[in-house]
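Novice: Sequences listed follow chains U and A, in order.
Numbering follows the UniProt record's numbering, with no gaps: position 17 of the first sequence is 17.
Numbering follows the UniProt record's numbering, with no gaps: position 98 of the second sequence is 98.
Mixed in with the good hints there might be a few duds.
It does not matter which identical chain is used: a pair holds within one copy or between any two.
[Unchecked claim] Subject to a maximum C-alpha distance of 27 Å in a straight line, what follows is the list of computed DSSO-like cross-link-like pairs (lysine-lysine): (1) 174 with 23; (2) 79 with 165; (3) 90 with 9; (4) 143 with 90; (5) 50 with 165; (6) 79 with 90.
Because the hints were derived from the structure by calculation, they are not lab data.
Number of protein chains: 2
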Amino acid sequence: MDARTCLQKLQYVGVLAFATVDKEGAPQVRNISAVHYEPDAIYFFTARGKDFCRELLSDGRVQILGYTRYKEMIRLSAKAEPAPDEEQEKWIRTIFEDQPYLSNVYPGDTREIGIVFVIRNAQIEYFNLGVNPIFRESYTVGKGQIAEKGYEITEKCIGCGTCMKHCPVSAVKKRGDK
Amino acid sequence: MDARTCLQKLQYVGVLAFATVDKEGAPQVRNISAVHYEPDAIYFFTARGKDFCRELLSDGRVQILGYTRYKEMIRLSAKAEPAPDEEQEKWIRTIFEDQPYLSNVYPGDTREIGIVFVIRNAQIEYFNLGVNPIFRESYTVGKGQIAEKGYEITEKCIGCGTCMKHCPVSAVKKRGDK
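Based on the sequences and whatever the hints tell you, model everything.
Specialist: This is how it looks when you write it as structure tokens:
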């Protein structure tokens, strides 16, 4: 698995959950399908009047979640920014060509109330819940940072094995064991 | 459509996106399926060691999103709290009986690392994107508050009709028209 394959899988999922934070700091999550994938960036369309747009303009942090039919969870953490002014028209056209149904929602010139955001740097977490043990890896797109997750055993370990015995997903093994 | 039907529809969707806010105020979103529905409350299970659990304990605000195969978007905004101590065992048992696969993830006694949260008061937003025009309503569960959304036309209106002409979803009509 790698970042590019994750993006392709998100593309197949089609309808993704986009989480943002509103002005009260509360979580917000919506389904977004007006997304265009380039090998090194993700472009998505929304309308300027929406809370979603305001949250992106004022904070920009976004987490995007897709769940494939193979029980893979793909989660992307990033900061979104408006695509450059001179590219807006091009990306709007591209997204509307990718997804003709958008023309029903935004007929004719009304697509001009839209704005395209771009994500260039992202951290991707990939979980495959359909295998045993669960497979989990992280990747980056652009300059995205991989955040360290979970736990590690420090040098204070006395080798009692209690952690291994209790771990529900068998994530603890004896040093040296395969 | 009503709140109870929305909850039933979320139950059929099965895997929901749960958005929370982390300690840096950044958006977080995960797929959660360990959910049990009662007519007047939603119970869900997670493990105590997870960031998700910490975010729920320290902030508690959550937004839950489900997307049905009929292009319905159901979004629930609420504050989650741990179920009462004396009910934890009962709800853990109920959720594991509802969804036997959880026993693979948390075998034997390891389910005791889990905690059940409850949502009793919620606001539900229902969108049906599969009809024209798009249908949208809000409901409450318990004491949930309906937040006013969108725009309204004030008494300053001069009746020029510009807003109606430009609205991409035909949401503006002349006063008195059906």
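Novice: Hint by hint, note whether the structure agrees.
Specialist: So, going through the hints one by one against the coordinates:
1. 174 with 23: neither (47 Å within a copy, 33 Å between copies)
2. 79 with 165: Neither: 40 Å inside a copy, 35 Å across copies.
3. 90 with 9: For residue 90 and residue 9, the Cα distance is within 27 Å only inside one copy (24 Å; across copies 38 Å).
4. 143 with 90: within (24 Å within a copy, 46 Å between copies)
5. 50 with 165: Intra 50 Å, inter 19 Å, cutoff 27 Å: inter-copy only.
6. 79 with 90: For residue 79 and residue 90, the Cα distance is within 27 Å only inside one copy (21 Å; across copies 41 Å).
Hint compliance for this structure: hints 1, 2 are not met, and every other hint is.
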